[in-house]
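Those sequence lines, one after another, are chains A, B and C. Start counting the first sequence at 963; every next residue gets the next number (the numbering used here). Start counting the second sequence at 963; every next residue gets the next number (the numbering used here). Start counting the third sequence at 963; every next residue gets the next number (the numbering used here).
Treat the hints as calculated values from the structure; they're not laboratory data. Predicted model, so just to flag it, every value in this text is computed and none were measured. Some hints here could point you the wrong way.
Copies of the same chain are indistinguishable here, so a pair counts whether it falls within one copy or spans any two.
[To be verified] Computed list of lysine-lysine pairs in DSS-like fashion (alpha-carbon distance at most 30 Å, straight line):
| no. | residue 1 | residue 2 |
| --- | --- | --- |
| 1 | K964 | K1282 |
| 2 | K1255 | K1287 |
| 3 | K1157 | K964 |
| 4 | K1282 | K1255 |
| 5 | K1110 | K1190 |
| 6 | K1075 | K1190 |
| 7 | K964 | K1255 |
| 8 | K1287 | K1110 |
For reference, the chains in residue letters:
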Amino acid sequence: MKTNPGRFFEDYQLGEVLAHAVPRTVSGGERALYQALYPARHALYSSDEFARSCGLSQAPLEDWAAFHMVFGKTVPDVSLNAVANLGYAEGRWLKPVWAGDTLRATSEVIGLKQNSNGRTGVVWVRTTGRNQHGEAVLSYVRWVMLRKRDPDAPAPQAVVPDLAPALGADDLVLPPGIDFTGYDFTLSGEAHRWKDYEIGEQIDHVDGVTVEEAEHMLATRLWQNTAKVHFDATLREDGRRLIYGGHVISMARALSFNGLANAQMVVGLNAGAHANPCFAGTTIRAWSEVLDKAEVDAPGVGAIRLRLVAISRGEAFALKGENGKYLPDVLLDLDYWALMPL
Amino acid sequence: MKTNPGRFFEDYQLGEVLAHAVPRTVSGGERALYQALYPARHALYSSDEFARSCGLSQAPLEDWAAFHMVFGKTVPDVSLNAVANLGYAEGRWLKPVWAGDTLRATSEVIGLKQNSNGRTGVVWVRTTGRNQHGEAVLSYVRWVMLRKRDPDAPAPQAVVPDLAPALGADDLVLPPGIDFTGYDFTLSGEAHRWKDYEIGEQIDHVDGVTVEEAEHMLATRLWQNTAKVHFDATLREDGRRLIYGGHVISMARALSFNGLANAQMVVGLNAGAHANPCFAGTTIRAWSEVLDKAEVDAPGVGAIRLRLVAISRGEAFALKGENGKYLPDVLLDLDYWALMPL
Amino acid sequence: MKTNPGRFFEDYQLGEVLAHAVPRTVSGGERALYQALYPARHALYSSDEFARSCGLSQAPLEDWAAFHMVFGKTVPDVSLNAVANLGYAEGRWLKPVWAGDTLRATSEVIGLKQNSNGRTGVVWVRTTGRNQHGEAVLSYVRWVMLRKRDPDAPAPQAVVPDLAPALGADDLVLPPGIDFTGYDFTLSGEAHRWKDYEIGEQIDHVDGVTVEEAEHMLATRLWQNTAKVHFDATLREDGRRLIYGGHVISMARALSFNGLANAQMVVGLNAGAHANPCFAGTTIRAWSEVLDKAEVDAPGVGAIRLRLVAISRGEAFALKGENGKYLPDVLLDLDYWALMPL
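Turn these sequences into a full structure, and let the hints steer you where they fit.
Below you can see the structure in the form of structure tokens.
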């Protein structure tokens, strides 16, 4: 058997490190495609000149593009037989990714727990993306529910990792040299700065994008994510392809420019839930809530913790029903830290 | 309110200069995407070697890509609440845009006129795109009809700018070093040179491209154009998205290769009308008419003034009905100057 | 008449050399787009670092992308009036194509044979793609059936070229410096090496991709292929556009990663048939068969000859019916040589 059937729950060992395949060199092409696929307008990623005015050498690859590339590498080893992508935690962007960099990734198994039905289990992995110098550029935990190949395989000892509910501001890693003291609020697109946002404030990002099959497949392939459900219309009876959850993340993040144009760099991923599946034809909208604010050790820079919610219709600011479950129109509930000019 | 509601007619002051947001650095990615989105084959833009044989240092960004990028920046400040994009005039490409350049844009309000209904008005702006050296790369006038926020707001003094019906050949700015004396008509794709075209000559460009939702959205996002009507299928009762008029321009210009392969560089935009809206599923065809010819001051180079008409069906060379209005199948009527080997 | 009506059968002369138009400079954009359009994961093309570990200076352009670019240039001169693309032979990749290279192409007419119906004929051309240094990067023979403009035009003397049914291993040109002795089977994605494959072995590549109109048009335009049938939905009564056969080749080749991740470089094209037309909505799958293996003169490198079959549904490994004709679900039957670590 030459093809990869994917791993099943009983194939994972606690402490095991999976070295993921297919390193990837990034060029200006990925940036242009990211802008074509999403209404991405954050100035620090759009303009080398703007990035230099913020203390960087050039515009880095969009943080979520870096995330998707690292995530994509893990799919053949982690989630080919996943029933569900359950969550994220402790995600940190550790170094900007530049055009010319080559990314690779490894994942360590940090938790295992068979479900009571005996047919599935949950695997927690901490994934690290590295550049060609071996420097970590991104690290995050995700956990997925996997099928067992053999329902009679013995359950491993349950180990559930102790994950932070959210990163503290001290956990965030700032890009070396980042400096927002000369930040140009005209070029960035909005005048609102860190001090203008209040904890608890909610923002309806207003705009919507109706997504097409061709677009989400282009994006998901660009990240070299091979999960069949995104590409093969024969897998579901209704002939629809499930949109990669990361496509919804990037779409919502780009839509959040309208109201959060100065939430420039994404540096922390506290949590994330793909609340409902997304299919072509959906008009994605987004709203945000300010969860926290913190001072960080870089000139002119503040950190803002945001909830980013993608919805398929319905009203902004509605999240869960009385039963505590996500409303059917909620696609994504993401909790992240971004850097903003003070 | 953190999001941008767009400006309304009464928000503009004569002489006001709007500095548009989100500068953009161009790479090889934009060129590749332009070729993927349009059947673009003009050799001077496709090949660095061909561009060098014409006296340039490398192939520049397609002129219309530069236009779209500058135009896209103006949308949030000029046309978010536009009822209609009424016209263009006095457009000049002033410097080639190279991979690595960063573009930004400003617009000056040069005209204001409230409509007799009291609910809308027309705003004229002269937009200038600049590179990272502050050099103007493109300048053009466009005027749009905008809603008033408050119908009772007083009308400004009407000022209608005095715009040239067309640029003269003396107004055209040629790229430094441009030289067509060594022009290779085999590599360019056609043998027809400047002297082979006669004023009044009409050319049916024969080919057609049926456009898809995914394509025009990719293109329009690539130009960071955020006008909602291009992306949100819920805005119209029929669920269709209005295709950005610039997408039709680029499609028609690319189709015009077949018959005008040597109309290499677009240097002047005299006028343009988006005669009817375009939607996905339309098969775009194009025809051209030679409006004028002129000698210019560069070796082996002539200028040709062309009408470029995009149609959705129907026959080439039909433009307006007996009532003087555009026929329903006409999508675009564009009047521009290009450079051609003598 | 300024537009190109294409050539007809009687327009070709034996020995004639056609210099094709529109040279094309390649950048990082083409690589990114190739990865967005196809699930392309072969590590040597994805990563500059991996390519360097194999003795190359950087990751080259995908071999099939180079093929499509050269092929695209020939369309206006060879196949605009083609009834059918009949076959390929003696295809050899002679030099890697690097970002920054400019490609051009010429074709020599090496065979002519009028069909017995007197209305069509077959033209054989040997096409050579060259880089900006004049070095041949690719050479292949293809033959097409063309309409005659004038059925009464006299038949040329029939000359059918003597083509090799397959290249021998001695005919293959290896990239200078190629060395697989330090090959990293973890990063490449599979442990299977040259010695693990047996002649006659068949591999079902398992995955499927459902193709969309927008995608194949983006791809076909990217190769500057102007054949109308791929773009104009009004040409067929059913409103469908015929998908460029090369799009199916690249899709199938990319899908073959799953089972042939180490068949890195494509160096020879022995034969190919586009067995049935492909339309949007088709879910493309692929299977391979090992036809031959050979030793070649480079450290750690072996050659493997593969049949690559793309199917639209049905079962892997079925190719032809009892009548010797391709089954209706077979889209492509390709015979090629690739380089693999020993």
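Cross-check of the supplied hints:
1. K964 - K1282: Answer is between; shortest inter-copy Cα gap is 24 Å, intra-copy 45 Å.
2. K1255 - K1287: For K1255 and K1287, the Cα distance is within 30 Å only inside one copy (27 Å; across copies 58 Å).
3. K1157 - K964: Cα proximity of K1157 and K964: across copies only (13 Å, versus 57 Å in one copy).
4. K1282 - K1255: Classified as within; 24 Å inside a copy, 60 Å across copies.
5. K1110 - K1190: Answer is within; shortest intra-copy Cα gap is 18 Å, inter-copy 46 Å.
6. K1075 - K1190: This pair counts as within: shortest intra-copy Cα distance 25 Å, inter-copy 46 Å.
7. K964 - K1255: Classified as between; 17 Å across copies, 51 Å inside a copy.
8. K1287 - K1110: within (27 Å within a copy, 43 Å between copies)
Violated hints: none; the structure is consistent with every hint.
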